[in-house]
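K.L.:
Generate the whole structure from the sequences, applying the supplied hints.
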Amino acid sequence: MSLRDRLRAGSFAVTAEISPPRGASTAPVTETAALLRDWVDAVNVTDNQGSNVRLASWAGSLAALHAGLEPVMQMTCRDRNRIALQSDLLGASALGIRNILVMTGDHPKFGDHPEARPVFDLDSVQLLWTLRHMRDQGALLSGRPLKPPPDCFLGAVENPAAPPAEFRAERLGKKIEAGAQFVQTQFVFDVPAFANWMAQVRDLGLHQKCYILAGVGAVRSRNALDFMRDKVPGVTVPDDVYRRLRAVPADQTAAEGARLAAETIQQLRAVDGVAGVHLLVAGNEQAVPGILDHAGVTAGRAAHGR
Amino acid sequence: MTTRPPLPAHPRLGTRLAYWLQRALRPRPGLRWLSAGIEASGVARPLFTQTERVTKQTLFGCRMCGQCALPVTGYVCPMGCPKELRNGPCGGVGPDGGCEVYPDMRCVWVEAYERAASQGQAADLRLLHLPIDHRRWGQSSWLNYWQGRDEELWTGGVGP
Numbered sequence: 001m002s003l004r005d006r007l008r009a010g011s012f013a014v015t016a017e018i019s020p021p022r023g024a025s026t027a028p029v030t031e032t033a034a035l036l037r038d039w040v041d042a043v044n045v046t047d048n049q050g051s052n053v054r055l056a057s058w059a060g061s062l063a064a065l066h067a068g069l070e071p072v073m074q075m076t077c078r079d080r081n082r083i084a085l086q087s088d089l090l091g092a093s094a095l096g097i098r099n100i101l102v103m104t105g106d107h108p109k110f111g112d113h114p115e116a117r118p119v120f121d122l123d124s125v126q127l128l129w130t131l132r133h134m135r136d137q138g139a140l141l142s143g144r145p146l147k148p149p150p151d152c153f154l155g156a157v158e159n160p161a162a163p164p165a166e167f168r169a170e171r172l173g174k175k176i177e178a179g180a181q182f183v184q185t186q187f188v189f190d191v192p193a194f195a196n197w198m199a200q201v202r203d204l205g206l207h208q209k210c211y212i213l214a215g216v217g218a219v220r221s222r223n224a225l226d227f228m229r230d231k232v233p234g235v236t237v238p239d240d241v242y243r244r245l246r247a248v249p250a251d252q253t254a255a256e257g258a259r260l261a262a263e264t265i266q267q268l269r270a271v272d273g274v275a276g277v278h279l280l281v282a283g284n285e286q287a288v289p290g291i292l293d294h295a296g297v298t299a300g301r302a303a304h305g306r
Numbered sequence: 001m002t003t004r005p006p007l008p009a010h011p012r013l014g015t016r017l018a019y020w021l022q023r024a025l026r027p028r029p030g031l032r033w034l035s036a037g038i039e040a041s042g043v044a045r046p047l048f049t050q051t052e053r054v055t056k057q058t059l060f061g062c063r064m065c066g067q068c069a070l071p072v073t074g075y076v077c078p079m080g081c082p083k084e085l086r087n088g089p090c091g092g093v094g095p096d097g098g099c100e101v102y103p104d105m106r107c108v109w110v111e112a113y114e115r116a117a118s119q120g121q122a123a124d125l126r127l128l129h130l131p132i133d134h135r136r137w138g139q140s141s142w143l144n145y146w147q148g149r150d151e152e153l154w155t156g157g158v159g160p
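Same order as they appear, the protein sequences are chains A and B.
The first sequence lines up with residues 1 to 306 when you count with my numbering.
The second sequence lines up with residues 1 to 160 when you count with my numbering.
Hints should not be assumed to be uniformly reliable.
Stated by the list, open to error - Covered, in the sense of this in silico footprint (three residues per stretch, anywhere, with C-beta under 8 Å from a C-beta of chain A), are these stretches of chain B: (1) 100-110; (2) 113-122; (3) 127-133; (4) 140-152.
As the list claims (entries may be wrong) - Cβ-Cβ distance ranges computed for the label pairs, FRET-style: (5) B/Q147 with A/R22: 50 to 56 Å; (6) A/A94 with B/Q22: 46 to 52 Å; (7) A/S2 with B/W33: 54 to 60 Å; (8) B/P29 with A/R8: 49 to 55 Å; (9) B/Q147 with A/Q137: 25 to 31 Å; (10) B/E152 with A/G50: 31 to 37 Å.
No lab work stands behind these hints: they were computed from the structure.
No residue lacks a Cβ here, since even glycine has one placed at the ideal position from N, Cα and C.
P.N.:
Here is the structure:
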C-alpha cells in the first residue's frame with residue numbers, strides 16, 4: 001500500500017529519513033532501505049541536506065524504490081531554478097517516484113560550499129504551486145503542454161515552533177492552497193507547543209485538507225544534542241528535554257533518546273488531527289525498529305502483510 | 001544581472017504613514033495617464049526610476065526587483081530576506097525572531113507580520129505570491145503599479 005493510500009485509509013503512517021552518501025554509490029541507501037522497509041511506510045531522501053553536497057535526491061530515491069521502500073523525494077529551492085525544478089519533477093515521475101516533498105532549503109552559508117550562489121528562484125509555496133499546476137493543468141509555468149503530465153503526491157514542511165507563532169498555521173494553509181497534500185513538521189520536542197499549533201490548524205480546518213505528520217527526532221549522543229540545540233536553524237530543544245538527556249551517563253544517551261522519541265510518538269498520536277509521524281533519524285536508522293516497537297506503532301511491510 | 005545581495009532591512013517609514021500613502025497613491029486615471037507619459041519619455045523615465053530607487057533604498061532597503069510586494073507585506077521588503085522568500089518566513093527563524101542567516105537581524109517576515117497586524121492588515125500575508133519575472137529587475141515598479149501591470153503578482157483578489 002502506498003503512503004498516499006495509507007493516509008487516505010486513515011491508518012497512522014510512519015516515514016523516516018535517509019541522507020544519501022557523499023560518494024558515487026547508492027549502496028548505502030539500498031542497505032538502509034532494506035533495514036527500514038519492514039518498519040516505515042516511506043522514506044524521505046534528502047536533497048543536499050544542510051547545503052552539503054551528497055548523491056542526488058532522485059538517484060537515492062530510485063535506489064530506495066528498487067530496494068522495495070517507497071521514497072519521498074525532497075526538493076529544495078536553493079540549488080535549481082524553475083527550469084531545472086520542473087525538469088526534475090518530470091524525471092522523478094517518469095522513474096516511478098511519486099512523493100515529492102518541497103522545501104525552501106537551508107542557506108548555502110551552513111554547508112560545505114558557503115561561497116556558492118544561492119538560487120531561490122522560486123520559494124517553497126511557489127514551487128508547490130508550480131508542481132500542482134504541472135500535474136493538474138498538464139502544463140509548464142510557460143503554458144507549454146506536458147505529454148503526459150506527471151503524477152505526484154505533494155508534500156510540504158512546516159516548523160510549528162518558529163516565529164511568528166500566530167502565522168505558522170496560516171502559512172500551512174497557504175501551502176495547502178498552493179498544492180500541499182501532506183506536511184511533515186520540523187522536530188517536535190515541545191509537545192504542548194505543538195498541540196497549540198495543532199489547535200490553530202484544526203480551527204482553520206487544515207487537518208481535513210492535508211495529512212499532518214509530526215517530526216520526531218531520536219538524539220543519539222550528547223554532541224548531537226548540543227549540535228541540535230545550538231546549530232540547527234529553527235530547532236528549539238526545551239530545557240527539560242535537554243536536562244533529561246544530559247542526566248543519564250553519556251553511553252546511555254542514545255537509549256534515553258530512543259525512549260524519549262517513543263514517548264513523544266505516543267503523545268503525538270493522541271493529538272487530534274495528527275495523521276502520522278516522520279522520524280528524523282538520518283544516520284541513526286538502526287534505532288527505528290526499537291523506537292516504533294516501544295511506541296506500539298506498526299507500519300511498513302509488517303502492517304501491510306507483505 | 002548584478003544586484004546587491006539580499007540583506008534584511010528595517011523600514012524607516014512608519015507603518016501608519018505607509019498605509020496612508022498607499023491609500024493616497026492608489027492607481028487611478030490621473031496617475032495612470034501621468035505614469036504612461038513618464039514611461040514614454042526618454043528623459044523622464046530614467047530620472048523617475050532613479051528617484052524611486054533612492055527613495056525606496058533609503059526607506060526599505062529596496063533592491064529594485066521591479067515587482068513591488070511592499071503594499072501587502074506591512075511595508076517590509078521580502079527581497080531583503082537572504083532567500084528572497086515572497087510567501088512568508090522559512091523554518092529557520094530563531095526563537096527571538098532573528099534571521100537564520102544573519103542572526104543579529106530580525107527576520108523580515110516576523111517584522112512584516114507585526115507591522116501588518118498592527119494596522120489590521122494581517123490577512124494580506126495570506127496572499128499567494130506567484131513566481132516573479134526576473135526580466136523586470138531595475139525597472140520602476142511604481143510605473144508598473146499605476147498602470148495595472150502588477151495585478152498578477154499575487155492571487156486572492158485582495159490587494160492595495
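K.L.:
Take the hints in turn and mark each one as holding or not.
P.N.:
We went through each hint and held it up to the structure:
1. 100-110: holds (count 5)
2. 113-122: Per the Cβ count (4), the hint holds.
3. 127-133: holds (count 4)
4. 140-152: violated (count 0)
5. B/Q147 with A/R22: 50 to 56 Å: Holds: the Cβ-Cβ distance is about 51 Å, inside 50 to 56 Å.
6. A/A94 with B/Q22: 46 to 52 Å: Given about 47 Å between the Cβ atoms, the range holds.
7. A/S2 with B/W33: 54 to 60 Å: 58 Å, holds
8. B/P29 with A/R8: 49 to 55 Å: Once the Cβ atoms are compared, 53 Å apart, the range 49 to 55 Å for A/R8 and B/P29 holds.
9. B/Q147 with A/Q137: 25 to 31 Å: 28 Å, holds
10. B/E152 with A/G50: 31 to 37 Å: 35 Å, holds
Going through the hint list in order, the structure does not satisfy hint 4, though it satisfies all others.
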